[in-house]
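Chain B: place on chain A using the hints.
Listed in order, the protein sequences are those of chains A and B.
Everything in the first sequence is counted per my numbering, starting at 1 for the first residue and increasing by one.
Everything in the second sequence is counted per my numbering, starting at 403 for the first residue and increasing by one.
Calculated directly from the structure, the hints in this document are not laboratory data.
Since we're looking at a predicted model, the values are computed, not measured.
Incorrect hints may appear among the rest.
Using 20 Å as the maximum straight-line C-alpha spacing, the simulated SDA-like pairs for lysine to any residue come out as follows [to be verified]:
no.: 1; chain 1: B; residue 1: LYS715; chain 2: A; residue 2: GLY141
no.: 2; chain 1: A; residue 1: LYS361; chain 2: B; residue 2: LYS715
no.: 3; chain 1: A; residue 1: LYS361; chain 2: B; residue 2: SER531
Covered stretches of chain B, as calculated for chain A (at least 3 residues, CB under 8 Å) [claimed, not checked]:
no.: 4; stretch: 444 to 452
no.: 5; stretch: 459 to 473
no.: 6; stretch: 499 to 507
no.: 7; stretch: 592 to 602
no.: 8; stretch: 658 to 665
no.: 9; stretch: 675 to 688
A virtual CB, placed ideally from N, CA and C, is assigned to each residue, including glycine.
So you can see what is in the structure, the chains are spelled out below.
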Amino acid sequence: MQALEGIKVIDFTWFISGPLTTKFLGDCGAEVVHVESVTSPDNMRSTTPMKGNVPGINRSAAFARYNSSKYGLSLNLRKPEGVALAGRLVAWADVVVENFSSGTMDRLGLGYSDLRQARPDLIMVSLPMFGHTGPWSGQPGLGSQLSDLIGFGNLTGWPDREPSSPPGAYTDFIIPYYAVCAVMAALDSRRRTGRGQFVEIAQYEAGIQFLAPVMMDWFAHGREPNRAGNRCAGVAPHGVYRCRGRERWCAIAVFTEEEWSRLCAAMGRPELAGDPRFATMLDRVQNSEPLDALIEEWTGARSAEEVMGLLQQAGVAAGAVLNGRDLVENDHLSARGFYKELVHPEIGRHRYLLPPFRFSKTPGEPRRPAPCLGEHNEYVCKHILGMSDEEFVRLLNEGVLD
Amino acid sequence: MLDAYRVLDLTDEKGFICGKTLADLGADVVKIEPPGGDRARNIGPFFGDTPHPEASLYWMAYNANKRGITLNIETKDGQAIFGRLARESDFIIESFAPGHLKGLGLGYEELSRLNPRVILTSIAPFGQSGPYRDHRTADIVSMALGGYLYLTGEPDRPPVRIGFPQAYLHGGMAGAAGAMIAHCARQSTGEGQWVDVSIHEACAWIPPDSAAFWEMNRLLEERHGAVRVRPTTGARMRRVWRCADGYVSFDLYGGRLARNFMIPLAAWMAEEGMAPDFIREIDWATFDYSAVPPELVEGISQPVGRFFLAHTKEELWRGGLARRCCVYPVASPREVCGSAQLKQRGYWVGLRHDHLGGDVTYPGVCIRPSEGGGGLRRRAPLIGEHNEEVYGEIGLSRGDLAALAEAGVI
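The shape of chain A in the complex, shown without the other chains (with noise of 0.2 Å):
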């Protein structure tokens, strides 16, 4: 069986926050209906990579990435059909998750209290920006923004240089482990109250979590870090080495003198272990200048791989850089399965990734493609909810599928 088998969730969210939770939650086994509409599908439609490179609203790879497992329903919610549609999904549902600006719910008439009507005992997780109060409350915003103002651009970069921000909606990555915990945590304390309830996650708050000690650090001493490119205080060597070829590097840290001389051995430099300038952490991270020269003399004749498995052989953390091709060829994530290919009926087969958790019971991973715009209509409204042909034509023709 699957972890999560019988659990239903309607899925109110965009871009990727949202729809990460809720794929983790259908790769293990919840049932997912994804709610768009056409003329305001989920923006991740529109995000490259495309298929081929040719645009289409269901070729989106980005897309596909947070959506497999899920079931796709478009919903027009300017017409009051359609919101009442949405309202009986919500009866036959256990959890609600939505990611939209503070206030776009209720102004839909989704908000909890409306949906409460439908299934009293309703668990809803909300992830707003920056929370349902507050000054900022209903403004809009983005992960990849939301990642400056808490602080990851400023610190991310070179210290003579400008801030090199961490690219992609960063906090993203965060969010949904955190909305998965309070779906979680919400159906355990409904199956001992019986009571549904309405969590409040705000991504903002959610993604700090994550600097915490910094922020600590600040009320405590106010102190303000500065960019410090790949330097870790007080440890050296640490940092990224070039490697044979265009673009490859691997990252090696030192962090013990035992790794320090293994380090040296495995370089085939024994007598550098004894060399005075580098003879202490102390003296490392004082010559790390002259000390990441001979490194990178020796990683600089090698493939990044080669450096990286006679480092690990030798028992000293090192890791390839890896760009894209590489991610997809990696053997370790290949042999743990790491990827899942499916046949998505535009963008034929491809993979999916699967959730970071293993479990060894009930083993969870993409059932099937991130669904097409509306593909899954007819099933939502007739197998979900027991619609009759009759009924599911007029919503249809009346443009309530929209």
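For chain B alone, coordinates are given in the frame of chain A:
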């Protein structure tokens, strides 16, 4: 929400945040440290800038809300006591090298014999299987192998990591989500199971599109600093912009987002006489950055850049809030800690640390359930602070504890 459950937390820094999150949801999380304390208590920064195992802000941040005991599970007595605790527990979290617990006779099989309901969550650099299983890692190594490092940093310098270690936090949170999903399954099956979490896989989720660009288009995404380059057209779009006194964050979007953000921004530029005619004439609702030629994107970027440069961060943030156009400051910790939004929502929580002679300010709990419960209620524990309390709960007397301490077990 999870008040009914007990968690045994054997993790080091690779997994602290997993137990922290379950504790934030109300669970009784018991952090188990070797006698003398976790090595991770040596991670700075330190309160008062004085290195001390009870002053690590890193340790405190991710161990608040837990109770703390010491136990040497490398000894036979320690293993027996751990077994007694495991019988009374719902979750066990660990981040040892794969196989280590099994070597101590505390692998999943043994633990599930003691307590068939228990969920064991193992957080390891590369998971419990596969060719890298026994490889070593560090934050920068996990981020490298996850593919995110390649995309971050300036094109003329090496790839760069996020300036505060992130990999273990992703792995730890994946552990929390996995443990909770296994918990949900347990409620129908009555059985626990083993959750295998790979920090590497959690990191491989972070680069959004690079693998798909290769798979779909045989294109390699490269790093471009604070600029995003569309692999399909080569158009260069700034993500971070210089302003009069720092940097702001703004993305050029097309379609619905352009309607939301570019129209008000263009109107604001026009108010100040800084919007060239062509900007006002673009139909933003149908504008598609992934298709338009690079020269047009450059043409838009120039006046936008001039507008930002003519204003301070504060002006752009206030003006942006009023117009809802998503111009955010690239903030420093001072700005985050001073945020009016967080203040009004009571996000920051001061907790008393008598041993440090003062309060430490922590970020509050980010999951806010309407039915209440959870929240930040307990500062991070001192070494062995709850030995008497926790061991008392499984029937060990003070005399037993004294003997165990002498034998180096606690």
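Against the structure, the hints:
1. For the given pair, LYS715/B sits about 17 Å from GLY141/A by alpha-carbon distance, which is consistent with the 20 Å threshold.
2. The suggested pairing of LYS361/A with LYS715/B is violated, with an alpha-carbon distance near 52 Å, which exceeds 20 Å.
3. The suggested pairing of LYS361/A with SER531/B holds, with an alpha-carbon distance near 16 Å, which does not exceed 20 Å.
4. Only residues whose C-beta sits within less than 8 Å of a C-beta in chain A count toward coverage, and the stretch 444 to 452 of chain B has 5 of them, enough to reach three; the restraint holds.
5. Counting residues of the stretch 459 to 473 of chain B whose CB lies closer than 8 Å to any CB of chain A gives 5, which reaches the minimum of 3, so the coverage claim holds.
6. Coverage of a stretch by a chain is defined here by at least three residues with a beta carbon nearer than 8 Å to that chain's beta carbons; for the stretch 499 to 507 of chain B and chain A the count is 0, and the condition is violated.
7. Here's how the stretch 592 to 602 of chain B fares: 8 of its residues keep a CB closer than 8 Å to some CB of chain A, so the rule of at least three is met and the hint holds.
8. With 4 residues bearing a CB less than 8 Å from a CB of chain A, the stretch 658 to 665 of chain B meets the requirement of three and the coverage assertion stands.
9. Requiring three or more residues with a Cβ within less than 8 Å of a Cβ of chain A, the coverage given for the stretch 675 to 688 of chain B is violated, as only 0 such residues are present.
Violated hints, in rising order: 2, 6, 9; the structure is consistent with all others.
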